[in-house]
Amino acid sequence: MLVALPMKKIILSLLSFFMIVATAQASDPAAVALLASVKKKYDLVNDYSARARLVTNVIFIKAPVSQVTVYYRKPDQLLVKNEKGISFIPKGTVHINMNNVLGLTNFEAVLSGTETIDGVLCTVVKIFPLSEEESITRATLYIDPTKLLVRRSVVSTKESGTYSIRMKYGSYSWCGLPSEVAMEFNTRDYKLPKGTTLDYDNGTPKASGLPQKGKVLIQYQEYTLNKGLPASLFR
Amino acid sequence: MMFFEVLRIELFKIFRRPRTFIAFGAIALIILLIQFALKVNGNEFILFFTDSQTDTFEIPFGGILNGYFVCVAVLHIILVHVPLLVALIAGDMIAGEANSGTLRMLATKSVTRTELVLAKFAASAVYVILLLLWMALFALVGSLLLFGANDLVVFKETDLHIISNTDVVWRFIAAFFFAALALIMIAALSVLLSVFAENSLGPIVATVCIVIVFTILQQLKVPVFEQTINPWSFTTHMLGWKGFFYVEKSADGIAIPGSIENPIALVKSGAILLGYIVLFMSAAVWAFRKKDILS
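Read top to bottom, the protein sequences are chains A and B.
Every letter in the first sequence is one number past the one before it in the numbering used here, and letter 37, counting from 1, is 37.
Every letter in the second sequence is one number past the one before it in the numbering used here, and letter 179, counting from 1, is 414.
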């Protein structure tokens, strides 16, 4: 898949690299260069669909492990769909797509030291979008500089809080696609007015109802890359 | 042998009365109305439970609104009112005979008074079971035909449970059995009250009033009632059918397929309901054997 990249794609990748360099002049050049190299790798994927196992761990949701399909279409369309059942998918799963951050064109980026993630020494890059229209207010990427992979990201958004995402990689690391994504996010309290559901009291302590961290784990089983996905799928 | 003969006659009497079928008709009508309302406005209904989470999660409205969900909603709405329909028949079992002047004649037959009361209670129990089967047919089979099948989402006051559609059917069967136990207990209460009355209106109204009073006590959530009356109130344990739709989760937060949250509580509730049935029927038999039958 990597071998037969058409010339058009190479030119586009180079253009996006120069665009990032040009628009992030106030940034640390080393940070911008690292981001551009990572983006080049992620740009190998135009779209994918992937079968995955979804594990939801939210204090007020008792859900079984479910089988989902993750659809992605460049640059920022992402859909997690439970084809055979019901899953409450956090809206922030869109941020598991790294192009959401790497695709920013107007930003400042600074290097912020190193940190070890899953035994890999990563370079920490902080990114501050400059455009008011961006939904992301700040992002921190923990990048494996040798393999050019994002191992962890912390994305703060205007409307739905902060998402902390950890990624593990397997056989698709050559194009930046993870084998496992663990996302942590803020949840709102869940409490219905007393008496509305007329619950059976089986003596189980009730959930606190207070906002807590929710977790979602996506374990990818099989990717299908660059086969073309219709835009209508994401509507 | 005489018991079954009396039971057969009692069932014949029950199903000969037109008013018996009022309950069947009412249940079918109510279920159809609820199904229609959910078909037309189901998303609004689901939004009521999920409103606080719409910013954080994608709410799968279309998936949630399926036959299993509609069936649970129907049972939730209807089962609170079914005691009235049960009392309508069970409360009439002995008092109705007294009112129409046939009780004395019945007591002269070659059947013991114990057998007579137990046969009347058994006939009421058969009526309850048939009523629930009718309800299951309309609420479960009807809803599945209208809305299709999917995973079941059960909304509770402070959490929500998602049950895989392959793990649902046995829960409905268990829930219907438990609901039958609860309603048979109401039938036992009605038969007991019926022993002391000379016309059927008294035991019917008394049964309904008792259910309402204990339901209100349960709803008030006053600590003193929560600690004293509610743990033993039959209205608390009558809701046990819902317990089959509460799943247990593992330490890492995943719902365990085939599990029930605190099954011991369900066993306790079942035992308490059974205890009430034995208590009410023992009292009914004792009182009827002592009763001076004048009509």
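Hints are computed from structural coordinates only; laboratory data are not their basis.
One or more hints might be untrue.
What the hints assert, rightly or not - Derived lysine to aspartate or glutamate pairs resembling EDC-like cross-links, with alpha carbons at most 20 angstroms apart:
#	chain 1	residue 1	chain 2	residue 2
1	A	147	A	180
2	A	74	A	184
3	A	213	B	245
4	A	84	B	402
Claimed, not checked - With the Cβ distance kept under 7 angstroms, some of the chain B side facing chain A (calculated, not the full set):
#	residue
5	287
6	291
7	297
8	300
9	477
As the list claims (entries may be wrong) - Residues of chain A placed beyond 12 angstroms of chain B at every Cβ, according to the derived structure:
#	residue
10	28
11	33
12	37
13	56
14	60
15	82
16	86
17	119
18	159
19	166
20	180
21	188
22	190
Quick caveat, the model's predicted, so the values are computed rather than measured.
Think of the CB as a built atom: it goes at the ideal place given N, C-alpha and C, for glycine as much as any other residue.
Which numbered hints turn out to be false for this structure? Hint check: 2, 3, 7, 8, 13, 14, 15, 16, 18, 21, 22 fail, others pass.
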